[in-house]
Amino acid sequence: DAGVIQSPRHEVTEMGQEVTLRCKPISGHDYLFWYRQTMMRGLELLIYFNNNVPIDDSGMPEDRFSAKMPNASFSTLKIQPSEPRDSAVYFCASSFRWAEAFFGQGTRLTVV
Amino acid sequence: AQSVTQLGSHVSVSEGALVLLRCNYSSSVPPYLFWYVQYPNQGLQLLLKYTTGATLVKGINGFEAEFKKSETSFHLTKPSAHMSDAAEYFCAVRAQGGSEKLVFGKGTKLTVNP
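First to last, the sequence lines map onto chains A and B.
No gaps in the numbering here: position 8 of the first sequence is 8 in the working numbering, and each next residue is one more.
No gaps in the numbering here: position 80 of the second sequence is 80 in the working numbering, and each next residue is one more.
Only chain A is shown next, with the shape it has when bound in the complex (with noise of 0.2 Å):
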């Protein structure tokens, strides 16, 4: 299995303008994890989903944030519009059942 994939690996945008980061999950597994790095805060998770359903969203920050995972091998985590405190690397992580979750190299944001 080729692991947990993120798109893209870098994105810069304008603030205000809309982004959208993109996850494949390794295949089989059941639980799909996205977390936010950033310097001041460490890792913070942000949304989790188990069988493509939300479970836990409230480690989103506001409102302009969303998730969704319409099938088992994709998922998105949208930011619109998006602000300069948005600036941090994106994880997204998966697992079977309680298992170590498995992480993407991540996306790294940065809005100006």
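There are no misleading hints in this set.
Simulated crosslink set (EDC-like; lysine to aspartate or glutamate; CA at most 16 Å straight-line): (1) 68/A with 56/A; (2) 106/B with 44/A; (3) 106/B with 88/B; (4) 101/B with 30/A; (5) 101/B with 100/A; (6) 101/B with 56/A; (7) 101/B with 44/A; (8) 101/B with 57/A; (9) 58/B with 100/A.
Calculated directly from the structure, the hints in this document are not laboratory data.
Guided by the hints, dock chain B onto chain A, whose structure is given.
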């Protein structure tokens, strides 16, 4: 709800010295515990995990950790540091059969001096 505390955001050791990275957790149900490593500009990679059974677990690159329920700790050790161990290390907890959240500590950046 689970939580993780990593003592020391930065740890510096000499090459060949013992590495000890501290992790304490809080969980209302038996936990699954993990240590991950992150090299610059990369994702997180699993070092080792504790689920059930033996409390001393061995991982990759010569690292090991011991689950101590009485101390709610899961400290990471390596007898002899190597330059290639320089990275950031994250402890994480997940509840067995409870909340499926995977919660991370703030991380400890390890520097290895020649």
